[in-house]
Amino acid sequence: MEDNGIYLDHNATTSLDERVLEAMLPFMTRQHGNPTSRHSFGRQARSAIELAREQVAAAVNAHPSQVIFTSGGTEANNLAISGIAASYGVSQIVTSAIEHPCVSRPALAMKYRGWKLATLPVNAAGVVETATLEERLQSDTAIVSVMLANNETGALQPVAELADIARRHRTTIHTDAVQALGKVRVDFAALNVHAMTLSSHKINGPQGIGALILDKRIDIQPVMHGGGQERGLRSGTENVAAIVGFGAACTLLDDRIALHESVVRPLLQRLEQGLHRLGAVIFGAEAARLPNTSFFAFSEIEGETLVMALDRKGFAVASGSACSSDSSEPSSVLLAMGVEPDLAKGAVRVSLGPQNSTEQIDAFLATLERELARLRQLTAVAV
Amino acid sequence: MTVKTPIYLDYSATTPVDPRVAEKMIPYLTEHFGNPASRSHVFGWTAEKAVENAREEVARLVNADPREIIWTSGATESDNLAIKGAANFYSSKGKHIITVMTEHKAVIDPVRELERHGFEATFLQPEPNGLIDIEKFRAAIRPDTVLASVMLVNNEIGVIQDIESIGNICREHGIIFHVDAAQATGKVAIDLEKLPVDLMSFSAHKTYGPKGIGALYVRRKPRVRLEAQMHGGGHERGLRSGTLPTHQIVGMGEAFRIAREEMDLEIVRIRRLRDKLLAGLQEIEEVYVNGDLKQRVPHNLNISFNYVEGESLIMAVKDIAVSSGSACTSASLEPSYVLRALGRSDELAHSSIRFSIGRFTTEEEIDYTVELMKSKIGKLRDLSPLWEMYQEGIDLNKVEWAAH
Numbered sequence: 001m002e003d004n005g006i007y008l009d010h011n012a013t014t015s016l017d018e019r020v021l022e023a024m025l026p027f028m029t030r031q032h033g034n035p036t037s038r039h040s041f042g043r044q045a046r047s048a049i050e051l052a053r054e055q056v057a058a059a060v061n062a063h064p065s066q067v068i069f070t071s072g073g074t075e076a077n078n079l080a081i082s083g084i085a086a087s088y089g090v091s092q093i094v095t096s097a098i099e100h101p102c103v104s105r106p107a108l109a110m111k112y113r114g115w116k117l118a119t120l121p122v123n124a125a126g127v128v129e130t131a132t133l134e135e136r137l138q139s140d141t142a143i144v145s146v147m148l149a150n151n152e153t154g155a156l157q158p159v160a161e162l163a164d165i166a167r168r169h170r171t172t173i174h175t176d177a178v179q180a181l182g183k184v185r186v187d188f189a190a191l192n193v194h195a196m197t198l199s200s201h202k203i204n205g206p207q208g209i210g211a212l213i214l215d216k217r218i219d220i221q222p223v224m225h226g227g228g229q230e231r232g233l234r235s236g237t238e239n240v241a242a243i244v245g246f247g248a249a250c251t252l253l254d255d256r257i258a259l260h261e262s263v264v265r266p267l268l269q270r271l272e273q274g275l276h277r278l279g280a281v282i283f284g285a286e287a288a289r290l291p292n293t294s295f296f297a298f299s300e301i302e303g304e305t306l307v308m309a310l311d312r313k314g315f316a317v318a319s320g321s322a323c324s325s326d327s328s329e330p331s332s333v334l335l336a337m338g339v340e341p342d343l344a345k346g347a348v349r350v351s352l353g354p355q356n357s358t359e360q361i362d363a364f365l366a367t368l369e370r371e372l373a374r375l376r377q378l379t380a381v382a383v
Numbered sequence: 001m002t003v004k005t006p007i008y009l010d011y012s013a014t015t016p017v018d019p020r021v022a023e024k025m026i027p028y029l030t031e032h033f034g035n036p037a038s039r040s041h042v043f044g045w046t047a048e049k050a051v052e053n054a055r056e057e058v059a060r061l062v063n064a065d066p067r068e069i070i071w072t073s074g075a076t077e078s079d080n081l082a083i084k085g086a087a088n089f090y091s092s093k094g095k096h097i098i099t100v101m102t103e104h105k106a107v108i109d110p111v112r113e114l115e116r117h118g119f120e121a122t123f124l125q126p127e128p129n130g131l132i133d134i135e136k137f138r139a140a141i142r143p144d145t146v147l148a149s150v151m152l153v154n155n156e157i158g159v160i161q162d163i164e165s166i167g168n169i170c171r172e173h174g175i176i177f178h179v180d181a182a183q184a185t186g187k188v189a190i191d192l193e194k195l196p197v198d199l200m201s202f203s204a205h206k207t208y209g210p211k212g213i214g215a216l217y218v219r220r221k222p223r224v225r226l227e228a229q230m231h232g233g234g235h236e237r238g239l240r241s242g243t244l245p246t247h248q249i250v251g252m253g254e255a256f257r258i259a260r261e262e263m264d265l266e267i268v269r270i271r272r273l274r275d276k277l278l279a280g281l282q283e284i285e286e287v288y289v290n291g292d293l294k295q296r297v298p299h300n301l302n303i304s305f306n307y308v309e310g311e312s313l314i315m316a317v318k319d320i321a322v323s324s325g326s327a328c329t330s331a332s333l334e335p336s337y338v339l340r341a342l343g344r345s346d347e348l349a350h351s352s353i354r355f356s357i358g359r360f361t362t363e364e365e366i367d368y369t370v371e372l373m374k375s376k377i378g379k380l381r382d383l384s385p386l387w388e389m390y391q392e393g394i395d396l397n398k399v400e401w402a403a404h
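For the protein sequence lines, the chains are A and B, in the order given. If you use the numbering used here, the first sequence corresponds to residues 1 to 383, in order. If you use the numbering used here, the second sequence corresponds to residues 1 to 404, in order.
Chain A with its partners taken away, still in its complex shape:
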């Protein structure tokens, strides 16, 4: 890691594992074939992709033939939502109130094309209320999509339970497992969903690659048309090096998950004890959460200001998800949980990784305490 400071934003992206880089390098240099080519260069690239497909499948208890490589989580979510809804025909799309924009926005785009949207609310802890799905499924529904773990609060969602309900209604269910992968066990078969989105760069793999795990019995239309790669579901020359890297990162998942239990969870507990002491409100604290994510606020302290102040002191944290960090609107996830907009504006997300240490957490807490005191003083002067 560089001298930029201490990285506490692992839900935004993670550093590449050295072993992953090593696996990728040959495919960035001499093994450069196009997997569609029939000569030996092409065939080597093809076998590398197929090995990675097996590695990804094995990591989430799926079959290799269920793995469709995409350019990332966003594309996989777009493919699942638009592709399955378009194939099913004009009907209803059900998502939770706390989905990542790359689920909610394609759903919105389908709304402009005639589909109805229905939302599953969450409780105060940020967990989807399963009972409402039964109600929503009274209308003809193309797809239900609920994330496995929320990117901001880390709250785990009752996806297996929702899948039971959806299957009783013969409705297709998809889960965005991007934030859950590599932090808790993710089992495609046990979740019993039809489709699941994965991303490589959240698990120490390269950026620019992800996958949709898809039950092959589900009808789906491609979003991208062309050369017919990935069984016609995702055209475009395969990103061989990144696919190889994603596969390699998946072989390291067992260790990664174990480290999240043995190292990261205790760090998070230490962090949150400190946060409580400083008077923070921790969002979703009552929910079962990812072992690495803490989303919190201090009343009367603006999140953006605090995040910038912490950055100047060398701590990289976020005021929400990276993808919406442009906007100054309060987090829609928090609003869905019924958090007051004023408090929601104070939200700061810390997401830990196995490389973080007790010393870093203590240093963070000490800096936070000083910065809070300084900011409160400034506020007092302003008032």
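Distance condition first, Cα-Cα at most 27 Å in a straight line; then the derived DSS-like pairs of lysine-lysine: (1) B:K318 <-> B:K376; (2) A:K216 <-> B:K105; (3) B:K136 <-> B:K105; (4) B:K93 <-> B:K105; (5) A:K111 <-> B:K93; (6) B:K49 <-> A:K313; (7) B:K374 <-> B:K294.
Not close to chain A: a few residues of chain B, all C-beta gaps over 10 Å, as computed: (8) K49; (9) L124; (10) E261; (11) M263; (12) E283; (13) E286.
Please keep in mind that the hints were generated in silico from the structure rather than gathered at the bench. Note that the Cβ used here is the ideal one computed from N, Cα and C, for glycine as well.
The hints should help you fit chain B onto chain A, whose structure is shown.
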């Protein structure tokens, strides 16, 4: 001869990453791993700066404004975004599209998809040399034509279309003009300040950059609007959501910088190699160059070997990695649709080979290839009854074949 086989002569399928590009990418895989969308810390800013530098490099190669460059996952996505995005955005003005039978699948298939959603399309047939007759293009225009898509350099036969003339006609008629330039960057000069082009697709991995990254040029003046095809966090001004793969973008920027600085010299060297390859292969009887030889990038030589069966030809030349037809369709045994559109017979289309020469091709490799082709074609023809009949002066087109 001391050449290492198999010899790679398939640079139009994909190019190796230039070592200078790989070197530039690696720091962004390791220490600078931030998410460029992270606006709250230096990890994110470092990544964002690298992304913007690369955007400038891509823009400079084609003389565009960096703000006109949108990152995508590759030329296929760029083509999809341009064609479906523009057609849908402007559909209230009309629903007719003009394109060419010899376009890449990444253009043809989105157009076909639009046809399923109420659009109509004209697929122009090129002249036998692969070039479009400008007057035929003009004649295809209808009052409801909203979009035209014509590639700059063909992936199979390397011919260069007269984009400027076609673009001028599009301007006269208010038609949005998209150009797939995936095979053109680093091979022909592109000046988007002068060219009347509204949308242009680029790929990194055809120009010694990494796979999985491309770009779409979207003209600002006059402004061209698109309907986004991928929705989410609103990256790339809402036109293309998804975390930007920093290292790949950095790689594309460096690849395009090298292309800008070195293409003039590289083209001279490659033309010399191509001329040598062509001269050598023309010593073989009954060979036909597919596509115009003059209005063509020197990197591509597509040749049909008459009286040779296509599959056995590919098997026989395993020492050279070449393509029969484009890589994206070579999984099927259908003869190349590009060569068919030129009016080539199935037999000639089947027995075609695309040699594509690149940055790392050596003179020795060309010499080896010529010798290999001469010997293998000779052997295959020795086994061919058709060759024997041809040599006996029998006109094969007049032979009545018995059914069996």
